[in-house]
Each structure stands twice: as C-alpha cells, then as structure tokens.
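Chemist: Chains as they are written, first to last, in the working numbering: chain A, 1 to 474; chain B, 1 to 317; chain C, 1 to 102.
By construction, these hints were calculated from the structure, which means they are not laboratory data.
Straight-line C-alpha distance at most 25 Å; calculated DMTMM-like pairs for lysine to aspartate or glutamate: (1) A:Lys374 to A:Glu232; (2) B:Lys252 to A:Glu118; (3) C:Lys15 to A:Glu340; (4) B:Lys252 to A:Asp117; (5) A:Lys126 to B:Glu246; (6) A:Lys465 to A:Glu86; (7) C:Lys75 to B:Glu274; (8) B:Lys304 to B:Glu279; (9) B:Lys102 to B:Asp24; (10) B:Lys4 to A:Glu25; (11) B:Lys191 to B:Asp202.
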Amino acid sequence: MSGNPGRIVDGLKSLLGRDRVVDDEAVVRLYSREPSGLESQALAVVFPETVRDVSRLARYAYSRDLKLYPQGSSTSLSGSSVPLEEGVVVSFERMNQVSEVSVVDSIAVVGPGVRIDELNLMLAEKGYMFPVDPASAAVATVGGAINSGAGGMRSAKYGTMRDWVLGLQLVLPDEHGTVLRVGCRTLKCRQGYDLVRLIVGSEGTLAMVTEAILRITPLPEQVVVALAFYPELRNVAEAVVAVKEQSVQPYLMEFMDRKTVEAAAKAMNIPVETPGHMLLVGVDVNREATGRFVEWLGKTLRATGAVKLHVADTLREAEDKGFFTLRRSLFPAQIKLAREAAGSRRVLVYIEDIAVPPSRLVDAVEGLRSLEDKYGLPTMIGGHVGDGNLHPAVGFDPHNEDQARRVEEWFEEVMELALKLGGTISSEHGIGTLKRSGLRREFEHLGSAKALELMRGLKRLFDPKGILNPGKVV
Amino acid sequence: MDVKLILSLLAENVERTGYPVPVDVERIYSWAKPLNLPRGGRAVLYTGALYQLAPYINSLVRHLESLEGRRAGGLALRLAKTLGKIIDLGKVVAKADPGEIKAVEEVLRSIARLLSAAGVEYGYLYEDDMYSGVILYDMGLDEAFARHAKMVAETLEKSGASLIITVDPHTTHVLRSVFPEYVDGFGLEVKNYLEILSENIDSLKPRRGEAGYRVVIHDPCFYARHEGIVEEPRQLLRFAGLEVEEPPRSGKMTYCCGGPVEAVSPSLSRRIAETRLRELQGVGGRIVTMCPICYVNLRRVGGKVEDIALHLSRRLL
Amino acid sequence: MAAWGRSRLLEEAGKCAYCGFCEAVCPTLPYGRHRGYGPRGRVLLTAHLARGGKASPEVLSSIYTCLTCAACTLKCPAGIDIPALVRAARSLLVAVHEKTII
Numbered sequence: 001m002s003g004n005p006g007r008i009v010d011g012l013k014s015l016l017g018r019d020r021v022v023d024d025e026a027v028v029r030l031y032s033r034e035p036s037g038l039e040s041q042a043l044a045v046v047f048p049e050t051v052r053d054v055s056r057l058a059r060y061a062y063s064r065d066l067k068l069y070p071q072g073s074s075t076s077l078s079g080s081s082v083p084l085e086e087g088v089v090v091s092f093e094r095m096n097q098v099s100e101v102s103v104v105d106s107i108a109v110v111g112p113g114v115r116i117d118e119l120n121l122m123l124a125e126k127g128y129m130f131p132v133d134p135a136s137a138a139v140a141t142v143g144g145a146i147n148s149g150a151g152g153m154r155s156a157k158y159g160t161m162r163d164w165v166l167g168l169q170l171v172l173p174d175e176h177g178t179v180l181r182v183g184c185r186t187l188k189c190r191q192g193y194d195l196v197r198l199i200v201g202s203e204g205t206l207a208m209v210t211e212a213i214l215r216i217t218p219l220p221e222q223v224v225v226a227l228a229f230y231p232e233l234r235n236v237a238e239a240v241v242a243v244k245e246q247s248v249q250p251y252l253m254e255f256m257d258r259k260t261v262e263a264a265a266k267a268m269n270i271p272v273e274t275p276g277h278m279l280l281v282g283v284d285v286n287r288e289a290t291g292r293f294v295e296w297l298g299k300t301l302r303a304t305g306a307v308k309l310h311v312a313d314t315l316r317e318a319e320d321k322g323f324f325t326l327r328r329s330l331f332p333a334q335i336k337l338a339r340e341a342a343g344s345r346r347v348l349v350y351i352e353d354i355a356v357p358p359s360r361l362v363d364a365v366e367g368l369r370s371l372e373d374k375y376g377l378p379t380m381i382g383g384h385v386g387d388g389n390l391h392p393a394v395g396f397d398p399h400n401e402d403q404a405r406r407v408e409e410w411f412e413e414v415m416e417l418a419l420k421l422g423g424t425i426s427s428e429h430g431i432g433t434l435k436r437s438g439l440r441r442e443f444e445h446l447g448s449a450k451a452l453e454l455m456r457g458l459k460r461l462f463d464p465k466g467i468l469n470p471g472k473v474v
Numbered sequence: 001m002d003v004k005l006i007l008s009l010l011a012e013n014v015e016r017t018g019y020p021v022p023v024d025v026e027r028i029y030s031w032a033k034p035l036n037l038p039r040g041g042r043a044v045l046y047t048g049a050l051y052q053l054a055p056y057i058n059s060l061v062r063h064l065e066s067l068e069g070r071r072a073g074g075l076a077l078r079l080a081k082t083l084g085k086i087i088d089l090g091k092v093v094a095k096a097d098p099g100e101i102k103a104v105e106e107v108l109r110s111i112a113r114l115l116s117a118a119g120v121e122y123g124y125l126y127e128d129d130m131y132s133g134v135i136l137y138d139m140g141l142d143e144a145f146a147r148h149a150k151m152v153a154e155t156l157e158k159s160g161a162s163l164i165i166t167v168d169p170h171t172t173h174v175l176r177s178v179f180p181e182y183v184d185g186f187g188l189e190v191k192n193y194l195e196i197l198s199e200n201i202d203s204l205k206p207r208r209g210e211a212g213y214r215v216v217i218h219d220p221c222f223y224a225r226h227e228g229i230v231e232e233p234r235q236l237l238r239f240a241g242l243e244v245e246e247p248p249r250s251g252k253m254t255y256c257c258g259g260p261v262e263a264v265s266p267s268l269s270r271r272i273a274e275t276r277l278r279e280l281q282g283v284g285g286r287i288v289t290m291c292p293i294c295y296v297n298l299r300r301v302g303g304k305v306e307d308i309a310l311h312l313s314r315r316l317l
Numbered sequence: 001m002a003a004w005g006r007s008r009l010l011e012e013a014g015k016c017a018y019c020g021f022c023e024a025v026c027p028t029l030p031y032g033r034h035r036g037y038g039p040r041g042r043v044l045l046t047a048h049l050a051r052g053g054k055a056s057p058e059v060l061s062s063i064y065t066c067l068t069c070a071a072c073t074l075k076c077p078a079g080i081d082i083p084a085l086v087r088a089a090r091s092l093l094v095a096v097h098e099k100t101i102i
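Using the sequences and the hints, build the whole thing.
Modeler: Written out as structure tokens, the structure is:
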C-alpha cells in the first residue's frame, strides 16, 4: 500500500465524501470483528451508497494497492469478514434499497445491504417469501448471504443461496472499477459459464456485489409441525427415512441429540417431560389437507418410536406451544454453558458446520460423541437433518492454551469425520480463514487438488492485484 | 464533549429548581384545583410532573431542533455559543403550546376522576408533587439523581402515605424499580393507575348505548418491557367498549417513539417518531398513547394522538 | 439499579458474542451513521470506555443516542441488560468529567 494511513483516509474522504468514511478507531473496531471471535483493526470503514461509489472505490484501491474488505453485517463464523492486513472495510449497510418486487416475474431486485428478514416482511405482504433462512436472518444481509453461500432451516426443501440468486451487478477490483451485470431476470438463463454461481459463496474475494436479482416463491399455505422425542438415535434416523420414503419433502426437519436437549433445557430452564433425541418436523400443506397430514405425521413419528409427540396444525400454533423453544435455545445455551465451564471470563463458542448424507446421521452423531470424550470438550449437537447439515458446537476460553489446542485438534477431526462419511467440511458458513486447510483437505480427499489451483487462477483473473478480501478461501 | 452542555444544563436546572426545564411550580399542581382532592392520605397520587412538563420539554426540543439542523444522528449543540441561547429558557417556556398544556392537564384530571369512579380512596400532594429526577438517572448523572431521589422519597414519606399511585411509565419505573436501589430504606408501595383501575374494574361502568370505535394501541417501552404493564390497558379499553387494534410491533416488542433522545438528537428522535407514526397510521383507528413523552413526540411529527385516560374517561365516566 | 462500576460493566459487556441479533429491533440503528448506533456497537463501546478508551465524538454519539428502550435485551441470547450498560457508561463519563459537569 502506498501512502500513510492518514493520507489514505483523507483520500477516501475526498473521493466519497466525509459522511461516507468513518475512521474513529473504536467504531472501526466494530467492523473488524465477527462472532467467530476473530478480530483485527482496519484503517477505516467506508459506506458506499451507490454503485458509482463502489466503482470509484475499486479504481482508487487498485491504483494504490489498498486492500478492501467487503462486509454485510459481520455475522460470519468462518473469518471471512475480518480484515487480515492493513486495509479498509467496505460496509454495504447503506445500499439497502429494495428496488423492485415482481410477483409475476417471481423476483426481487435488492441492494446488498437489505437484511433478509426485512425483505421477507415486505414479501409476506404479497404472500411471498425468500426462503433462505440462516439463523442470523434478522440481521444478516442479502449481500453477506450471497457471499457466504448461506443456507438455513429450510434448505432441505429450498436449497441455499446458490439456488435463489438469478442475477448480480458486480464491481471488479480492477483499474477501471468495472461494473458488470451477470445472470438474468428470468429463471431460465444459459449465459455461457455460470458467473453468478461462481460469485455466490466466493466470500467477497472475487468481486463486490452491488445489486442482486433474487428469485422469490409463494409462502406455503399452511405448515403442520410435529415435535417428537426419541429414546434412541437410530429411531431418529428411521423417522427421517420413513418421512422421505413416503415422498414427503419436509419444510423443515431439525434435530438435537439427547445430551444437547438435556443441557439446553437445564441451562435455559425449559421444561421437557421426557427428554430424548429431539426431532422437529414441519410439512407444508394445502389447508384442506391439514387433518390428513397431522394424522400422517403423528402416525409416522409414533411408528418409528417417538415416546413423546406433539403436533400443531399451523406454524403459529407451533410457535405458541413452544415447539421451537428448544431449538432456538441452542445458541444462548451454548453461550451460557461455555461461560459456566470457563468461569466468568470471555468465552468463544465455536460452531462447526459439516454436512453428511442424511443416511449417515447415526454414524456422524456417534462419531462426534466419541470425539467429545477423546478431547474432553462438552459438545452440543444440533442441525438440519433434512440435508444432513450438523452444527456441533463447543465453548472454550481462548486464553486457556490447553483448551484452545484441544479445540483446534477436535476441529480437524470433526472435518475428517465428515469427509470419511462422504460429507463436506462446510455446508453454509463458508471457508474464510478458519477452514482454508480444511478445504485443501477436502479436495485432497477427493483426489482433486487441482481444483484449488483452478480457484487460485480464478482469483488472479478477477483480482489481479489481490486487493479484495485477501487471505480468504484459497 | 458537547453533550456535556446538555447534561450540565439539565443537572443545574434540576438541582436549582427541581425541574429539568424552568416552569412555574404552580402549573405543576394547578390542574387539580377544580377537583378538590384531599391532601395526603393512605394512598396518594404522585404525577412526578412528567405530564405537566411535557409541553415545555417539547418546546425546548423544537428549539434545539432548529439549532441542530436536520442531519440525523448529529448530537445537538455542537457549538458552545448555542448554549447561551438555550439557557434563555424563559423564552422556551413561553413558547410552550397552550393547547398541549390544556390537553395534558385534562389527562391528569381524567386519571383522577377514573380513580374516584373506580372507588379508590386517595389524596393528592399538591406542591409536594415533585419531579422524579428520571432524566438524571437516564443520563447517568448518578450522584445528582441520588440526591434528588432522596429528597423526593423524604417528601413522599412525610406525606404519610403507604401507597403511591403513579400515572406515567417513566415515573412508575423510576419510583418502583430504581428508587429502592438509590434510596436507603425506600419501602413505599408503588402502583400505576392502570394497574389499579384494572384491579377495580368491577366498580367501573361503561356508558350504555354509545357506539365504540377502533383504537390502535402504542405501548410505551417502559410500561411494556420494564414494568410488565401490557394487558391492563387493553383490558380497560375493551371494557370501555373500544375495539383494540395492535400495530405490527406491540406489547413486549413495541417500538419506541424516539422520545428519550429528543434533547440529545432531535433529528434522530424525529425520524424514529415518523417511522412509528406511519406504522400506527397504517393500522387504521384512533391512536392511543399512555405516556406524555410518546404523546408530544408523536405529535411533533404530525400525529393525531390521544392519551388513554381521555378515551377511558369518555366511556367510563 | 445503581449504575455499574467498571469491572461489572466489563463483565457484562464481555458476555457479548457479537451475533447481532439485537440489531434488528433497534430503533436508532437504521438512522445512525454506523454500527455504533445499534446495541451490538453500544455494548462494545461501553467496554471500550470502561477500559479507559477515548470518548471520541462518535463514541459519545453512540452512548447518548441510546433510547434505553430495551427492545434489544429481549433478543440478546446472552441476556445482556443493554440499557443498564449504557447508563453505566454514561455514569462513567460523568464521573470522568465530574468537575466540569456538576
């Protein structure tokens, strides 16, 4: 980078205007950290408001070798939103316009700073939704979700971000700050190589997203929900099989193992009559079919050994009856338990993100429990069983060297376990900095180390000077 | 630290006059004159002067707003020289909206009459109806607040009452949940008038034969989240024959009117109030407030709002 | 409650996992210049002040524009009482500038 920090900040202020640059040290620090616990200190945060701002910024950065770190709402768990070297955070929070919603075309055209829940509130008025629902949807932005390739509870049915982005406006980190439009406003689109899907999940390392054409879908008419507890893990697996074999693709299918249910119930004071492995199943139905599906769901889950079963006709009823309380308590319970274990000091909760084919669920959970014993790390296991995505989590005190080392080794073995079961090391949180070695391992496992080389080549092609979110992914 | 100016202004005023903005003390209790309420008693009505002060606070905020310019988020009073203008509070006070003053006094009289109609025996404090000091607490002026709270507590205790009836969310919260932390041995029971009306609802009678109308309820943060007062106003409005509508954000998840930052950043406060007003207007129905700060803040952005006590008194007295 | 001192303040602020769930319900954040106008920012900035960090104009704006409306607290998975933190920070600032304020 050429020029001292003060000069850079002044340059940015005259480029974009004073109100679009913040260099207050304490405020900049707020944009230099994420829930993964990683933190650093950028030089400044810039807040572009238009694509022109972003383009001028890219040109400026290119000419001065200034590193840019694009950012949504910093809810990343992989390190992808934290600046590694001296540089400037590009926050898209002011580019938060929903410029078009078309039910006929089934699209929404939105700025990268729009929060997913905000978009959904707007769509719900028209009976539509954007179905990708990461746990952080209340705060996560569309731009961040695109770049992290986010998924969520409904992914078994609706897929992840890569299935819902039709087109993108991009700014390249080149000498012109080139503005590009890739993809289409239509669902069908054969535009040569699929650059849209290349950008989805690229974690801000290839280009900056300044607008997205998203696909939207009607809200389900009704969702019946069942909450079941099982004595044995294999019962849960059988239930998943039974549901799928009857040609039903659930709207959501959430899982917490018995130990996790007990720990969460205890930590958050949630009454659970007969604790066991928890399975939460939602099936979207036509209103007239409600009775039939309620009966079918109850019968199916009971037949596979559910000892305790509750069924609700609607999502609203399930909410009111507290079906989601346990599932939602997972994160706060993790924080609470970690703090209790580490004393009152600052703790980190590390949330893993592997996926295994749903048919390997039992092996995965048993494998994770034996790793828990091996490393002496109390583990909470929850996940989206419909798509095999598990989020084993451990809390630890980062200042405790012994704990930190055990977590690191545990982390490697968890990824190893996923690969062994035919799964993947990252389902929806991304690679960032924390899983770069895991990505290499995964390709090696697949005998495809060359894929990484191709990725590095792509990175050079898009970002010849390596100024855009450097040090991430590849 | 520009905000120091506002803080020192508030602290000085409270310490010197007992109120955050200068106001004729008689104006604090003159609303009660037509009611001939007894002085003191086992239960006393304590307004904490917030309703009475609201029009003056509003006038001050309008003044600050004109100084601040319209940039959202900027702290008011960037320049020391503006302090001189603000200290000329006499002018600010003189500019308070007479209609607003009349309206808040009518709210207080309605509350008093409702309590009587519900069979509650209580007295009033008159010139001992002091400001609670809540702004000092909010702004972290802890020592000034502790001194002021002690004075208020002594006055209340001297009145001989064992039950204090409060009428607005901020005073209710500060007296019930904050005073015990700041004043040694503060043991007076504090109840809000909506809670008391709700307990004595059987003694009230809705007027017969009058058609009800739709109201949209705006929960004050300090009732809904800090003091757990959510059901009482709904129960009372329904009992009065009104159709109660909820805005998208209501009850425990209510959305603030923006009032608490009105002095520090009038423009930020305005934008939040505008957002909330649009939301309330979108529901359709007459907008009900229960807090003098919400009342003036939503009015400042053009809202047609009315206090719950007025709705209830029209239907129940 | 009586405002918390530095160590209590740091302990409470230290519970923040930086998940941001609080931000969606904050009335001031959408109209503020940056994340400091939301609860996640305010929690971290109170800790910054408690550690003796500089009370810059941006930090002050963050701390004094909080409505203490407590919507955030209901969304916080770590159960942090954010209004209490903010008042503690204000009280700390008053203490630091005591002579000039009162």
